[in-house]
Every structure is written in C-alpha cells, then in structure tokens.
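Residue numbers (the working numbering): 25 to 432.
These are computed hints drawn from the structure, not numbers from a lab. Ideal placement from N, C-alpha and C gives every residue a C-beta, glycine not left out. Hints are supplied without guarantee of correctness; some may be wrong.
Said to hold, decoys possible - Capping the alpha-carbon separation at 20 Å, the derived lysine to any residue pairs in SDA-like fashion look like this:
#1 LYS55 with TYR80
#2 LYS108 with TYR80
#3 LYS277 with LEU289
#4 LYS55 with GLY83
#5 LYS193 with GLU176
#6 LYS55 with GLU32
#7 LYS277 with ASN242
#8 LYS59 with GLY85
#9 LYS193 with ILE174
#10 LYS193 with ASP156
#11 LYS77 with ASP276
#12 LYS277 with ALA246
#13 LYS55 with ARG82
#14 LYS77 with GLU41
#15 LYS108 with SER78
#16 LYS277 with THR294
#17 LYS173 with PHE110
#18 LYS108 with GLU168
#19 LYS55 with ALA411
#20 LYS277 with GLU300
#21 LYS277 with ARG292
#22 LYS173 with THR160
Stated by the list, open to error - For each label pair, taking beta carbons as the anchor points, the in silico distance ranges come out as:
#23 GLY359 with GLN48: 30 to 38 Å
#24 PRO56 with ASN278: 37 to 45 Å
#25 TRP263 with PHE162: 41 to 49 Å
#26 LEU366 with GLU159: 21 to 29 Å
#27 LEU111 with SER286: 42 to 50 Å
#28 GLU197 with GLU370: 36 to 44 Å
#29 ARG265 with SER158: 35 to 43 Å
#30 SER31 with SER290: 48 to 56 Å
#31 ALA282 with ALA320: 16 to 24 Å
#32 HIS90 with ASP360: 38 to 46 Å
#33 GLU176 with TRP263: 50 to 58 Å
#34 HIS90 with LEU287: 42 to 50 Å
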Amino acid sequence: MTTSELSEGRFVLVTHEVGTVPVQQVMAVLKPRTKGGLLIHHPLQFRGMAASKSSYSRGWGDVRAHDEVWFPRRVAPEVLSYLKDFLLTIFWVIRARCVFDVMIAAGNLNAFAGLTLRWMGLVRKVVYYAIDFSETRFSNRFLEACYRKIDEIVLCRVDATWHLSHAMKGAREHRFPRAFTARGGRHQLVPVGVHASRMRSVARDCLDAPERIVFLGNILEAHGLGVVIEALSILCREWPRLMLDIYGDGPDKNLVQAQVHSLTLSDRVTFHGYIEADEVLEVELGRGGIAVAMYAPLLSTFSRFADPGKIKMYLGAGLPIVMTSIPPIAGDLDGDCAIISLYSSEACATAIRALLSNPERYCQMRYRAFSVASGLEWETITLAALAQLSDASAVVPLGGVRGDDWPS
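All chains should be modelled from the sequences, with the hints used to inform the complete structure.
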C-alpha cells in the first residue's frame, strides 16, 4: 500500500492479549496516517491475570466507537469465552457502519472472524498476524483438532499472513504444507519492533548503573524468574548494591514473592507490577543495567517459536541481555548484545558476573544493543509489511463506504 492509499484507508485491528501488544504498536503507526480505524481488544482467557479485564473497541479518525464488555471468566468454559469474543468482533465491526480496507487480526480465531466479515462485505482484505505457536494448545483432543483446523483454514484463505519469526513460519509450514503451496507469496516475516530512537534518547538520560537487573514480562514459571532470583542470592555478596526490578504480573507472582522472602532478598527485589504506558516503561527500562530472559527449556512453551517483545524492549533500552537459547532470536544476539546461558541459577550468575566484572565488555554490548534496535523500528517494519499487500483482490473502492452506502 502506498502513502496515498494509507491516507484514504480504514483499518480494523483485533487482538487477544494482556497489555500492549504488536497489534497496538501497528495501530500507533497507522493512526496518524489513515482516514480512520477500529481497535478491538480481548483478554486472553487462559491467563489468570486476564480474568478482570474487559473486551473493548476503540475507534479513531472518522470511525466512532467506544464499547466495553466484561464477561466473568469462571461463569463459562474457556472455549465459550472465545466464542463470545468472536461474536463481539463481528458485532462491533457491523456497528461501526463502514467497510474496512484491511483487517489485521492477531490469532487464528480473530482472523477467522475477519474471513467472516470479508464474506459479509465489511472487510476487503484480511491479514493474519501469527504472533504465537505451540505444539499443543489444548489438552482436550477435540478442542485441539478444532483449533488446528481453524489455523489451517485461515492460512489458506487470508490475503496475507504475517509470521513473527522464521521458526514460527517453519513450524506452521511443517504442520500445514498445503497452506504454503497454493499462494506461498502471501507469507511474510513481520517481527516485533521497538521505538528505538525514542528509547535511546530516554536510556541515555536515565541510565543508573549495571548493578540494576531488570525483568520484564508475565510472571510465569516458564519465564525463569525463579532462576534469576537464585542467581541474585549467589551474587549479592560480591556486589552489595545489586538489585532486581520486576515489571509485570502473572499467575506465579505469589510463588516468586515467597521465594524472595525465603532467600531474604526483599530489600533487593522490587515488584513494580504491570505498567501500561509504554513511555513510562521505557523510562524505567532506561534506568536499568542488565536485562534477563531465562526462558525454561519446555517443549510446549510459546517462546520456542516466538519473537518476544521484551527482548526488543531490552535492546531499545541498550541493555545487555542474559538469556537462554529458547527464543529463535537468541542465536542472532549471542556474543554481540546477549550472553546465552544454560537454564540454571549458577549459569545465570556466571553470565551476570561476566558483565559486572568487565566494564569494557559491558559498554560494548550496550552499544551493540542500541545498534541492533535501530534496525527494528515499528514504523519501518509496519510500513514495509503493508507495502507488500496487493490490490488485486479489491472488491470496493479504497476508503470503503459509509452512511447511506453501507451494505444492508
């Protein structure tokens, strides 16, 4: 899509998540460049911290929408909650009373809703933003089969699929080869980005000291925060000022807090909770010294195929990273701006020690982190992905229709 086409276009973006996610960053790029649009955001039902969150829709430009629905998570099974989200998406797009040029949908169920809306004539093109993949999503075999079938249908029928990583694209291609043979050119690599230039200026002004370790993300056992805390207990005698700041929340927070208390590290570990505003979080990360991402080597973890946004945020803040090799990006960062560690407290402590005891190496890795992040600007990534969308399947004039011309 060209600049002029963007300026006349309307977009609808749909996602399931807790907090700021790739779709919302794409919206930040589109909002000042488009005629109007609609963001639909649903909570992830399988995460405990999403239980109190609402589904909502928000319009911008000439699209007027401001709706919110809260659904008690424990009243109905997870699958019915997702059905509710599917129907809400359809309803809110109909209620917007316009035809959208492009729907960007994170997750296969949202993309399936997009196919339905395209069939109804309310969406011209559907982009499936494949932001995660796991070998097994549901323990129930029937639900798992349905979930995979929806994935295959969406991959075969959308106008484009944006894969978050090469590993994710390869895993889906292995499972659904038919979806990659008919119209393989529709598959694009669209990784997570970062607001690099903005974060670099903040980090330069806010850096505290290397002795400040930061963790960002959901507090889950698979994210290895327990290993980091054990490493902190090993290192605190050598570095009396060593601290750990935790930004995020999650179902395993109480377990982590108990571990901190049992190791008498309460004066060294601060739980900041979930920070919604990107600008505030960027300042907090800019005050950090070393970032940690000790993903556990679990077969079912989403991180084996994903492109974790926290890693990009760390790079944008110029933080050398101590991480395991689980995320696909690890191999690209190893030695330049990250130290790849085994999944153990001793290995994690050794990697952190290597940075704390070698200021020259620390500064070099910090500079390289900034350098890598500069090539991952959200604006560049989003506009490049949209530029590859073909106009061949257009069914209504760009810009859609409104008011009296809206299909009945």
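Status of the hints after comparison with the structure:
no.: 1; hint: LYS55 with TYR80; in the structure: holds (17 Å)
no.: 2; hint: LYS108 with TYR80; in the structure: holds (12 Å)
no.: 3; hint: LYS277 with LEU289; in the structure: holds (15 Å)
no.: 4; hint: LYS55 with GLY83; in the structure: holds (10 Å)
no.: 5; hint: LYS193 with GLU176; in the structure: holds (13 Å)
no.: 6; hint: LYS55 with GLU32; in the structure: holds (12 Å)
no.: 7; hint: LYS277 with ASN242; in the structure: holds (9 Å)
no.: 8; hint: LYS59 with GLY85; in the structure: holds (6 Å)
no.: 9; hint: LYS193 with ILE174; in the structure: holds (16 Å)
no.: 10; hint: LYS193 with ASP156; in the structure: holds (10 Å)
no.: 11; hint: LYS77 with ASP276; in the structure: holds (18 Å)
no.: 12; hint: LYS277 with ALA246; in the structure: holds (12 Å)
no.: 13; hint: LYS55 with ARG82; in the structure: holds (12 Å)
no.: 14; hint: LYS77 with GLU41; in the structure: holds (10 Å)
no.: 15; hint: LYS108 with SER78; in the structure: holds (12 Å)
no.: 16; hint: LYS277 with THR294; in the structure: holds (12 Å)
no.: 17; hint: LYS173 with PHE110; in the structure: holds (16 Å)
no.: 18; hint: LYS108 with GLU168; in the structure: holds (19 Å)
no.: 19; hint: LYS55 with ALA411; in the structure: holds (16 Å)
no.: 20; hint: LYS277 with GLU300; in the structure: holds (18 Å)
no.: 21; hint: LYS277 with ARG292; in the structure: holds (16 Å)
no.: 22; hint: LYS173 with THR160; in the structure: holds (13 Å)
no.: 23; hint: GLY359 with GLN48: 30 to 38 Å; in the structure: holds (32 Å)
no.: 24; hint: PRO56 with ASN278: 37 to 45 Å; in the structure: holds (42 Å)
no.: 25; hint: TRP263 with PHE162: 41 to 49 Å; in the structure: holds (45 Å)
no.: 26; hint: LEU366 with GLU159: 21 to 29 Å; in the structure: holds (22 Å)
no.: 27; hint: LEU111 with SER286: 42 to 50 Å; in the structure: holds (46 Å)
no.: 28; hint: GLU197 with GLU370: 36 to 44 Å; in the structure: holds (38 Å)
no.: 29; hint: ARG265 with SER158: 35 to 43 Å; in the structure: holds (39 Å)
no.: 30; hint: SER31 with SER290: 48 to 56 Å; in the structure: holds (53 Å)
no.: 31; hint: ALA282 with ALA320: 16 to 24 Å; in the structure: holds (19 Å)
no.: 32; hint: HIS90 with ASP360: 38 to 46 Å; in the structure: holds (45 Å)
no.: 33; hint: GLU176 with TRP263: 50 to 58 Å; in the structure: holds (52 Å)
no.: 34; hint: HIS90 with LEU287: 42 to 50 Å; in the structure: holds (47 Å)
The structure fails none of the hints (numbered hints given earlier).
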